[in-house]
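Peer 1: As they're listed, the protein sequences go chains A and B. Each residue of the first sequence is one higher than the last, beginning at 1 in my numbering. Each residue of the second sequence is one higher than the last, beginning at 1 in my numbering.
It is worth saying that the hints were derived from the structure and are not from the lab. No residue lacks a Cβ here, since even glycine has one placed at the ideal position from N, Cα and C. One or more hints might be untrue.
Said to hold, decoys possible - Ranges of calculated distance between the beta carbons of each label pair, as one might list FRET restraints: (1) B:Glu68 - A:Ser12: 15 to 25 angstroms; (2) A:Ser46 - B:Asn10: 18 to 28 angstroms; (3) B:Gly72 - A:Gln51: 22 to 32 angstroms; (4) B:Ser7 - A:Leu19: 43 to 53 angstroms; (5) A:Asn111 - B:Thr78: 36 to 46 angstroms; (6) B:Glu102 - A:Ser28: 18 to 28 angstroms; (7) B:Asp63 - A:Glu3: 25 to 35 angstroms; (8) A:Gly60 - B:Arg64: 18 to 28 angstroms; (9) A:Asn111 - B:Asp63: 45 to 55 angstroms; (10) A:Val13 - B:Thr70: 39 to 49 angstroms; (11) B:Thr70 - A:Thr45: 22 to 32 angstroms; (12) A:Pro14 - B:Thr78: 44 to 54 angstroms; (13) A:Arg61 - B:Gly16: 46 to 56 angstroms; (14) B:Gln83 - A:Ser46: 24 to 34 angstroms.
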Amino acid sequence: KQEVTQIPAALSVPEGENLVLNCSFTDSAIYNLQWFRQDPGKGLTSLLLIQSSQREQTSGRLNASLDKSSGRSTLYIAASQPGDSATYLCAVNDQGAQKLVFGQGTRLTINP
Amino acid sequence: GAGVSQSPSNKVTEKGKDVELRCDPISGHTALYWYRQSLGQGLEFLIYFQGNSAPDKSGLPSDRFSAERTGGSVSTLTIQRTQQEDSAVYLCASSLDSLDYEQYFGPGTRLTVT
Numbered sequence: 001k002q003e004v005t006q007i008p009a010a011l012s013v014p015e016g017e018n019l020v021l022n023c024s025f026t027d028s029a030i031y032n033l034q035w036f037r038q039d040p041g042k043g044l045t046s047l048l049l050i051q052s053s054q055r056e057q058t059s060g061r062l063n064a065s066l067d068k069s070s071g072r073s074t075l076y077i078a079a080s081q082p083g084d085s086a087t088y089l090c091a092v093n094d095q096g097a098q099k100l101v102f103g104q105g106t107r108l109t110i111n112p
Numbered sequence: 001g002a003g004v005s006q007s008p009s010n011k012v013t014e015k016g017k018d019v020e021l022r023c024d025p026i027s028g029h030t031a032l033y034w035y036r037q038s039l040g041q042g043l044e045f046l047i048y049f050q051g052n053s054a055p056d057k058s059g060l061p062s063d064r065f066s067a068e069r070t071g072g073s074v075s076t077l078t079i080q081r082t083q084q085e086d087s088a089v090y091l092c093a094s095s096l097d098s099l100d101y102e103q104y105f106g107p108g109t110r111l112t113v114t
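Bound-form chain B, shown alone (with noise of 0.2 angstroms):
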């Protein structure tokens, strides 16, 4: 069956600008995760939804960044104000269920922000 996908695969944008990454998750899947992975930092976490509820949003690191997920399906994370720091690659991953279940990673959005 299909993956997790995510779109754009790339995305330049200018600083100041706002940016909307979207995750399509696998099919029945109930949990959703945004990660960031940037060079000096490694792979963080961002946000977890359980359905269309985000029971933690504690990885967010501004209040520019938000995320809603709809439909317990498709996902969209938003960076308002883009800072040059925002640059990152965006990883979506999504599991059977919240708790004890694989993770399985989409191929991530490369953001730039010049």
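Next comes chain A alone, as it looks inside the complex (with noise of 0.2 angstroms):
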């Protein structure tokens, strides 16, 4: 059974900061991976979405890596801003059914 993990569970920095968030996965056969930002009492929005065969993507200052070898993705966040505070999810689409299972998410603060 596929299992997704985030750390840290909470991050607090200040504004301007460059910060990695860490996302690991027991099974290694999976379509892709897709990182997510949810605002308190909003829905999922989508931020990048890597394929099994990819190892990055980059949108804007958005950094995600993908080690499917190791199950290990990690969202780097460049020149962070008070704007990025959110809870952020990973979610991985399984190859044995296909749906997202998703880690408990890490709660970013940024302190202006």
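Need the complex rebuilt from these two chains, each delivered in its own frame; the hints are there to steer you.
Peer 2: Have a look at this one:
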């Protein structure tokens, strides 16, 4: 059974810092991995999708990497801003069953 | 274009009543998913549709939960005889196809059972 773990559970940093969020998964048989952002009381916004054959994806200040063989992904946020404050969720699209399996999320706070 | 929409945005119901939650996927998306987000459990998969068929219902927590999809578009999640433990945010997502495509989520329906 696929399990996804995100570390840390919460992170608070001053504005302007670069930071890394971590995600690990137990079964490397995945189609892809998605990073999402969730603001309080809102739905999920897709940030980046990495296919299983890819190593990384970039969008603006965000860069996500994937090491499928070791079951790890990182989300790098450059020059953080208060507007980046949200919960970040990692999810893998399991080959065994066509669904997303989510981690518990990292609650990120950027302090002005 | 329009994203995934869900209605109602909030629903308060009494224990024992039935509720219906609706999802309108992105036009042209053949795959549709329902997930549930509750405080203690995080985000969990409920059911997946490919067209009007549901190949995977493994996440439905009990036989009080059912879902259907018609015309390869709108989906309805029905919860019968609601219980307090059904209180959660119900999220719907759609994707172009079921295999390796990005899933796009709606804003969710917050269900509160009193």
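Peer 1: Which numbered hints does this structure break?
Peer 2: 1, 4, 8
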